[in-house]
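Engineer: Working from the sequences, and respecting the hints, build out all of it.
The listed protein sequences correspond, in order, to chains Y and Z.
Under numbering that gives the first Met the number 0, think of the first position of the first sequence as 0, with each following residue one higher.
Under numbering that gives the first Met the number 0, think of the first position of the second sequence as 0, with each following residue one higher.
The reader is advised that the hints may include incorrect statements.
Simulated restraints, written as ranges between beta carbons of each label pair [said to hold, decoys possible]:
1) Y/F79 with Z/I40: 39 to 45 Å
2) Y/L72 with Z/I69: 34 to 40 Å
3) Z/G120 with Y/F79: 21 to 27 Å
4) Y/N39 with Z/G159: 28 to 34 Å
Some chain Z residues judged to face chain Y by a derived CB distance under 8 Å, without partners named [claimed, not checked]:
5) T23
6) V49
7) L64
8) V127
9) H164
10) F208
Read the hints as simulated data drawn from the structure, not as lab findings.
All residues carry an ideal CB built from backbone N, CA and C; glycine is no exception.
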Amino acid sequence: MSKIKTTEQIASASLYYAVYIALVILTIGTVGLSFCNLQNWHTIVGLIIATCKATLVALFFMHLLHSARITWLALFAGLFWLAILMSLTLTDYLSRSWLQY
Amino acid sequence: MATRNASVRWHHFDSLQHQQESTTLGMWVFLATEVLVFGAIFTGYTVYRVAYTPSFEAASRQLNLLIGGINTIVLLTSSLTMALSVQAAKSGQRRKLVRCLGLTALMGIAFLGLKAVEYYGDYRDKLVPGLSFDPVQWTAPDVHPSQVQLFLIFYYCLTGLHAVHLTIGIVIIAILAWMARRNVFSPHYYAPVEIWGLYWHFVDLIWIFLLPLLYLIGTRDRWL
Numbered sequence: 000m001s002k003i004k005t006t007e008q009i010a011s012a013s014l015y016y017a018v019y020i021a022l023v024i025l026t027i028g029t030v031g032l033s034f035c036n037l038q039n040w041h042t043i044v045g046l047i048i049a050t051c052k053a054t055l056v057a058l059f060f061m062h063l064l065h066s067a068r069i070t071w072l073a074l075f076a077g078l079f080w081l082a083i084l085m086s087l088t089l090t091d092y093l094s095r096s097w098l099q100y
Numbered sequence: 000m001a002t003r004n005a006s007v008r009w010h011h012f013d014s015l016q017h018q019q020e021s022t023t024l025g026m027w028v029f030l031a032t033e034v035l036v037f038g039a040i041f042t043g044y045t046v047y048r049v050a051y052t053p054s055f056e057a058a059s060r061q062l063n064l065l066i067g068g069i070n071t072i073v074l075l076t077s078s079l080t081m082a083l084s085v086q087a088a089k090s091g092q093r094r095k096l097v098r099c100l101g102l103t104a105l106m107g108i109a110f111l112g113l114k115a116v117e118y119y120g121d122y123r124d125k126l127v128p129g130l131s132f133d134p135v136q137w138t139a140p141d142v143h144p145s146q147v148q149l150f151l152i153f154y155y156c157l158t159g160l161h162a163v164h165l166t167i168g169i170v171i172i173a174i175l176a177w178m179a180r181r182n183v184f185s186p187h188y189y190a191p192v193e194i195w196g197l198y199w200h201f202v203d204l205i206w207i208f209l210l211p212l213l214y215l216i217g218t219r220d221r222w223l
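Structural biologist: This is the structure in structure tokens:
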């Protein structure tokens with residue numbers, strides 16, 4: 000059997016632990032911030048932290064950092080279509096007047 | 000059933016690396032479609048959150064953040080053990096692979112158990128539209144019981160769909176652990192572990208976004 004070239008370098012376990020610690024810290028951060036009086040900023044702060052956590056999971060746990068470019072394309076295609084879905088839907092609903100229940 | 004150290008290259012691939020990359024790409028394409036499934040529900044949620052913000056904030060404050068937060072840590076830890084199991088598969092460490100896969104599945108079950116406790120608590124707190132809900136409790140200014148019920152329906156739909164995905168993941172991880180015990184995987188053949196690891200991380204990703212969108216809408220003053 001010929002020697003197999005691994006598709007990606009084997010990441011060290013310590014990298015995974017470091018990412019995990021960062022994720023836990025971000026979780027504690029997002030929960031803690033929710034007890035502060037941020038008023039309208041809660042949404043954007045929460046989403047920014049969630050996006051940071053998601054990026055860490057995708058890049059390191061899901062090996063996206065060492066994946067082929069076409070894999071990146073598949074992910075960004077999904078996100079792009081999600082962006083179309085949300086933006087076009089919201090332009091419709093946010094430009095209507097609302098009846099009160 | 001693959002034989003030990005199987006590394007069969009299917010004829011339509013140029014190399015094993017090509018095959019491995021295509022397998023991974025296939026799972027990523029599926030995950031992109033899953034993004035759109037949850038994305039559609041998120042879009043509906045966004046529309047009504049913008050329209051009924053005070054009601055959504057008031058309802059969000061009643062959710063059990065203690066269990067929600069613990070569940071987040073549980074899922075993050077399960078993602079860690081899943082990543083470690085993929086690494087173990089790549090380096091041929093069978094015992095570690097079985098152990099990490101088993102831990103991943105166990106933590107998934109723990110998440111579901113905590114979720115069940117949380118759902119029961121929601122039922123006791125009268126937060127289940129149609130089953131256990133008291134409009135009289137929602138009397139703050141700008142808060143309407145029907146809008147609160149809409150939030151709760153989104154909450155159960157999103158967490159319920161997530162729980163279904165998690166259950167499927169747990170079953171598959173358990174099957175992979177059983178296969179690993181039977182020495183099916185090796186540094187030459189670990190594609191199933193890799194791609195179902197991707198699925199598991201995706202389920203974790205959904206929950207990472209569910210936590211702030213459902214539990215942390217407004218300023219919280221209590222954990223339960």
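Engineer: Does the interface hint hold: is Z/H164 within less than 8 Å of chain Y, judged Cβ to Cβ?
Structural biologist: violated (15 Å)
Engineer: When the nearest CB of chain Y is found for Z/T23, is that gap smaller than 8 Å?
Structural biologist: Given a least distance of 6 Å, the restraint on Z/T23 holds.
Engineer: Given a cut of 8 Å on the nearest C-beta pair, is the interface hint for Z/V127 held or broken against chain Y?
Structural biologist: Interface hint status for Z/V127: violated (20 Å vs cutoff 8 Å).
Engineer: State, for the Cβ atoms of Y/N39 and Z/G159, whether the hinted interval 28 to 34 Å holds or is violated.
Structural biologist: For Z/G159 against Y/N39, whose Cβ atoms are near 29 Å apart, the range 28 to 34 Å holds.
Engineer: Using Cβ atoms only, decide whether Z/V49 comes closer than 8 Å to chain Y, and label the hint accordingly.
Structural biologist: holds (7 Å)
Engineer: Does the Cβ distance between Z/G120 and Y/F79 fall inside 21 to 27 Å?
Structural biologist: violated (39 Å)
Engineer: Does Z/L64 hold up as a contact with chain Y if the rule is Cβ-Cβ below 8 Å?
Structural biologist: holds (7 Å)
Engineer: Was the hint right that Z/F208 lines chain Y, CB cutoff 8 Å?
Structural biologist: holds (5 Å)
Engineer: Could you check the hint for me, namely that Y/F79 and Z/I40 are 39 to 45 Å apart, CB to CB?
Structural biologist: violated (18 Å)
Engineer: Given a hinted range of 34 to 40 Å, is it respected by the beta-carbon distance of Y/L72 and Z/I69?
Structural biologist: With Cβ atoms ~36 Å apart, the hint holds.
Violated hints for the displayed structure, listed by number in ascending order: 1, 3, 8 and 9.
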